[in-house]
Amino acid sequence: MRVIALSGLLTGLLLASVTHAQVVPANDVGMSVVPSTFSFSSLPEPQGPGVSCPTGAVAGTFSGTTVQDGRIFRDAIPSTCPGKVYPGIFNAGTNFNYESYTYTNTSSAAACVTVNFNPDTVGAVPCTTNAHASAYIGSYDPANQAANFVGDVGSSLAQPFSFEVPAGQNMVLVVTNTSAAAVCDFGFEVVDLPCSALPAPVPQPDVIPSNSNWSLGLLALVLGAIGFMVVRSRH
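Residue 90 in the numbering used here sits at position 90 of the sequence shown, with consecutive numbering throughout.
Keep in mind that a hint or two might mislead.
[Stated by the list, open to error] Pairwise CB distance ranges, derived in the manner of DEER restraints:
#, residue 1, residue 2, range
1, 147, 93, 30 to 38 Å
2, 125, 80, 27 to 35 Å
3, 146, 80, 17 to 25 Å
4, 69, 194, 33 to 41 Å
For the record, the hints were derived by calculation from the structure and aren't laboratory data. Model, not experiment: these values are computed from the prediction. No residue lacks a Cβ here, since even glycine has one placed at the ideal position from N, Cα and C.
Take these sequences, add in the hints, and give me the full structure.
See below:
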C-alpha cells in the first residue's frame, strides 16, 4: 500500500510540474507572453544588409521593398547547433515583407552561432508576434525558402536560437513579418560568430606631383632664354 501511495504521490507531483510548465504549441499564431525581460548587451543600432561583422545589437525595420510568397511555418522549436530541418512553408499565395542581413565566419573552423532575437521592445512600432527570424548558409532565395535553411527562432518570441556556420561561409539572417505586408520594428544580436569588422579608412597624405624631365627641360630653356636676353641687352 505504501508503494502504491508513494507512486501516486510522485505521479501527482509530476503532473503538477507539467501543468505549471510553459508549453508552447505549434499553432503558427505567434505566442502571447508576459512583457519581455529580454535585453541586449548593447543598445540596438540600425545596420544595412551585407555588413561583414555585427558590432552589437542591431535594430531593423521592414522597408516594404522586399517581399516573398508565403513564409516559414512557426513550429515552436528554436534551433540548436548544428541546426534543424526546415519546418515547411505557410500561407503560400500571400506576400510577406522580409529583410536579410549577411555576415561571414572568417575563421578556419565551424562556429556555433547564437542569434538573440527581440521583436518586443525595439523601435517605435515593435513587431511583437508579427516577426520571425530564420538563418541560412551561403545565400537566401525567397522563391525557395527551404534551400540552405539551417535554423530559426521557432516562435515569434524574444528568445535565442543557434545554428552552425561552416568555416569561411556566409550566414544570412532573414526576418519575415507574419501578418501579410505589415511594417514594424525588431532587433537582434549575433553572438559567437568569428568575423572581422570592416577596417576603418586610413587617411592618405596629399600627393604633390613631382616635376617631370620634360618640365625641368622647359624651365631650363626659359631660364636660358632670359639669361641670353639679359646678356645681349648689356652689349
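How the hints compare with the structure:
1. 147 to 93: 30 to 38 Å: 20 Å, violated
2. 125 to 80: 27 to 35 Å: Given about 31 Å between the Cβ atoms, the range holds.
3. 146 to 80: 17 to 25 Å: 19 Å, holds
4. 69 to 194: 33 to 41 Å: 35 Å, holds
The earlier numbered hint that this structure contradicts is number 1, and it is the only one.
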